[in-house]
Amino acid sequence: MPEAQAMQQHLIDPEVCIRCNTCESICPVKAITHDSRNYVVDAQKCDLCMACIAPCPTGSIDNWRTVPRARAYSVDEQLLWDELPAELGPEQLSEIGVAEAPAPAESAASARRNDTTGETAFVASSCGSSVPPWSAAHAYTNLYGPRAPLPSIRARVAGNVRVTDLGHDYDTHHLVLDFGAMPFPVLEGQSIGVLPPGTDAQGRAHHARQYSVASARNGERPGYNNLALTVKRVLQDHQGQPVRGVASNYLCDLKVGDTVEVTGPFGASFLMPNHPCSSIVMICTGTGSAPMRAMTEWRRRIRHSGKVEAGKLMLFFGARSKEELPYFGPLQNLPKDFIDINFAFSRTPGQPKRYVQDVMRERAADLGALLADPDSYFFVCGLKSMEEGVLLALRDVAQQAGLSWEVLGMALKMQGRLHLETY
Amino acid sequence: MTAINYTDKIPNNVNLSEDRTLQRALEQWQPNYLKWWADMGPDNSQNLEVYLRTAVSVDPQGWAQFGHVKMPDYRWGIFLNPAEKDRKIHFGDHLGEDAWQDVPGEYRANLRRIIVTQGDTEPASVEQQRHLGLTAPSQYDLRNLFQVNVEEGRHLWAMVYLLHKYFGRDGREEGEALLQRRSGQEDNPRILQAFNEETPDWLSFFMFTYFTDRDGKFQLCALAESSFDPLARTTKFMLTEEAHHMFVGESGISRIIARTCAAMNELKTDDVGKLRAAGVIDLPTLQRYLNFHFSVTIDLFGADESSNAATFYTTGLKGRYEEGKRSDDHMLKGGSYKVLVMQGGQLVEKEVPMLNALNEVLRDDYIKDSIGGVERWNKVIEKAGIPFRLKVPHKAFHRNIGALANIKVSPEGRVLPEAEWAAQVDQWLPSAADRAFVASLMGRVVEPGKFANWIAPPLIGINRQPADFEYVRFN
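Note that the protein sequences, when read in sequence, are chains S and L. Just so you know, the numbering used here puts 232 at position 227 of the first sequence, and the rest follows in order with no gaps. Just so you know, the numbering used here puts 502 at position 458 of the second sequence, and the rest follows in order with no gaps.
Any given hint could turn out to be false.
As the list claims (entries may be wrong) - From the structure, some residues in chain S lie toward chain L, with a derived Cβ separation under 8 Å:
id	residue
1	T63
2	D87
3	A91
Unchecked claim - FRET-style restraints, in silico, Cβ to Cβ:
id	chain 1	residue 1	chain 2	residue 2	range
4	S	T353	L	P510	33 to 43 Å
5	L	P461	S	K50	50 to 60 Å
6	S	N147	L	G323	53 to 63 Å
It should be emphasised that the hints constitute simulated quantities derived from the structure, not laboratory data. Every residue, glycine too, gets a C-beta built ideally from N, C-alpha and C.
Sequences are here, hints too, so could you generate the full structure?
Structure representation (structure tokens):
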């Protein structure tokens with residue numbers, strides 16, 4: 006997973022807003038508030054449902070900034086603004102720990118609007134669900150953090166192994182953290198925050214970096230109070246300039262027995278369905294495989310318990326090369342009738358580039374059947390740049406299968422069947 | 045029910061087809077409405093295709109669908125906010141009782157009067173603005189004008205629906221009369237005086253949508269609290285549309301200011317003559333227009349002491365702005381409120397029973413809200429580094445209704461002898477020369493992406509369309 010999860014923060018432009026209160030009166034989760042100066046969106050409450058976008062008479066509501074999740078602009082900060090802050094550039098983002106620059110934020114209106122071909126364009130991120138599958142288990146969130154009784158919890162490193170081959174410019178670690186007697190219940194798909202020790206260049210304590218949990222709900226080792234992370238050592242920023250990612254290098258260098266300050270758990274929608282007939286389609290790249298590993302492992306553990314009946318697992322996994330794939334070996338050992346695995350390598354010498362969406366299109370027949378099945382759930386995790394390609398592939402597959410993407414896309418979103426976690 | 049039935053002749057979300065009598069009555073009114081639109085709606089606009097938003101349902105996803113439509117084909121209809129289950133009356137003598145789904149006999153006359161007065165302003169403003177399209181400063185502004193116009197037309201529909209459904213024959217007659225009165229016509233004028241003034245130029249239009257449509261907002265907010273549930277639900281949906289009108293005003297003035305300030309900085313001058321020669325509207329002229337529209341609009345709230353206002357409140361017909369958010373007893377029997385009166389040549393505060401001062405309460409809420417936007421205009425001036433501030437004039441300035449009517453008070457609130465007023469009035473209210481100057485700037489600009497010299501382009505397009513988007517297709 007990346008060092009800090011980036012998010013698209015929803016903001017209101019104070020220079021355009023006329024303070025008409027339409028958004029506040031419409032917001033179903035009461036994320037919008039105001040004082041005598043500004044109307045603002047609370048990033049902790051906003052679930053990106055977009056209900057406020059169309060009714061806003063000014064367009065001021067349709068503004069987005071890419072920020073690290075842990076550094077979202079607070080309500081207090083926003084109330085003092087006379088204008089929106091500038092977009093953070095890629096350099097600034099990498100400085101504060103966002104390893105990959107997400108695609109520039111696009112407005113919801115541009116996404117909604119028809120383009121000149123008459124085809125509806127869409128913003129990939131607005132297709133994702135903000136609600137969990139109906140059969141998801143209850144997720145605990147924010148047990149440790151700035152708003153919780155304890156700001157963080159100390160975990161002990163119980164394991165740290167390298168999961169990619171030596172001698173390359175990539176280095177991915179499988180890290181096991183143990184919480185001892187302290188409660189830290191997690192579900193597959195949730196993430197945790199890691200607080201690197203020390204301070205940044207300005208002398209401020211480092212902010213938390215988020216990592217997806219890579220282990221199943223009952224522990225990396227079943228019955229133990231521990232969990233696993235997949236951490237890629239960041240040695241370059243996205244321009245290829247050498248930079249040492251603060252948290253990833255800290256984590257990759259930890260020794261067994263060291264302690265780590267952790268916050269979380271986070272996430273209440275990217276959660277797996279639990280009913281016996283539910284199928285799961287997992288689409289990921291690189292360390293985006295962490296939640297997929299967790300879900301796959303939980304399904305493997307309960308495989309013979311009677312809790313799984315007709316549900317299938319299908320995985321689309323992309324990386325530059327086979328050597329870069331974390332968990333490549335163990336994945337190969339899973340029975341074919343348990344999980345349908347599809348790899349896509351973009352830099353295999355002598356072979357054309359293949360991305361996950363290319364492989365998805367090759368498997369259109371099976372994917373189409375799953376899209377039509379209301380018991381199937383889709384999870385996408387990895388680099389932001391994959392999102393649009395993956396969603397366009399899903400749309401084309403759906404249309405080939407005779408399904409209306411308008412109807413299906415809305416159903417996937419409303420029913421918690423399509424989840425996106427990209428950075 | 046939130047979805048709107050568009051297969052009916054009259055789009056609606058009130059199951060109109062289940063009430064044949066009502067449906068027939070409204071279907072008879074519809075051609076008269078369309079004829080009124082053809083006669084009195086925007087000049088020379090029947091064939092234009094305008095990028096308008098239309099509601100397909102009253103929930104957030106559905107109510108702003110954009111597309112090019114010819115205005116006469118706009119689907120005017122009847123849209124009510126969803127009903128709130130078991131809604132209770134939350135102010136006045138009936139506090140705690142069930143909200144009325146029908147009109148109680150004893151309040152019939154007053155409710156009809158309230159609905160007719162509100163309804164009359166809607167077609168009136170369309171009539172006032174009907175020539176503005178000929179001098180639009182851009183396609184973007186032309187589109188906004190037309191959006192405002194069609195939505196005022198829909199607000200008329202909202203009120204006529206209530207009249208037809210709940211007031212029988214009287215209601216139908218009132219519905220016809222709403223199409224017969226004409227803004228500014230001597231023998232059959234619109235009910236409220238401010239709606240008989242013409243809107244001669246775009247500066248007046250922006251001031252009108254900022255100040256006078258905001259009066260609409262406050263009146264609608266007060267009616268959205270009404271114990272008569274159909275009125276509350278219809279005004280709630282109207283408020284969502286009303287917000288766009290205030291946006292047109294606030295952003296319009298803001299863009300004029302931005303353009304003027306840019307010219308002041310380019311030419312390094314605040315000389316009115318030089319700025320006017322450069323074709324922009326100087327800030328003192330803007331201040332005078334502001335003084336005029338503010339003072340005319342605060343008259344619309346009615347007399348500062350009013351037994352009608354007290355009756356409307358105690359009987360539960362019309363609440364206060366944000367009644368539901370206030371934490372008093374919602375009866376107001378013992379309370380008092382301070383209103384301004386003239387005494388011995390001085391403006392003094394006088395304590396009066398709260399119930400009788402409810403017009404003043406609403407007016408004061410309105411003033412507070414208006415000042416907010418004026419301060420945002422000042423931010424634009426400040427950002428340009430220019431030492432000038434716009435101010436709303438004193439509440440007693442240039443009033444024609446209530447205890448302050450016809451006394452001479454400066455914008456700062458100083459009571460003046462008649463002669464001093466006459467000597468200075470041209471500094472405070474737009475003079476004939478000001479109006480002639482503004483009129484001289486009004487030329488039509490309709491090439492996509494181009495704007496008249498006196499106004500800056502908007503910060504963002506409608507529905508985020510690009511600057512050169514073809515908002516209006518001329519066929």
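Right, here's what the structure says about each hint:
With a cut of 8 Å, the hint placing S:T63 at the interface with chain L holds, because the nearest CB-to-CB distance is about 5 Å. Annotation: interface hint on S:D87 holds; nearest CB of chain L at approximately 6 Å, less than 8 Å. Look at S:A91: its Cβ only gets to about 15 Å from chain L, farther than 8 Å, so that hint breaks. At about 42 Å, the CB distance of S:T353 to L:P510 agrees with the hint of 33 to 43 Å.
Take L:P461 and S:K50: their Cβ atoms lie about 58 Å apart, and the range 50 to 60 Å holds. Under the hint 53 to 63 Å, the C-beta atoms of S:N147 and L:G323, about 58 Å apart, fit the expected range.
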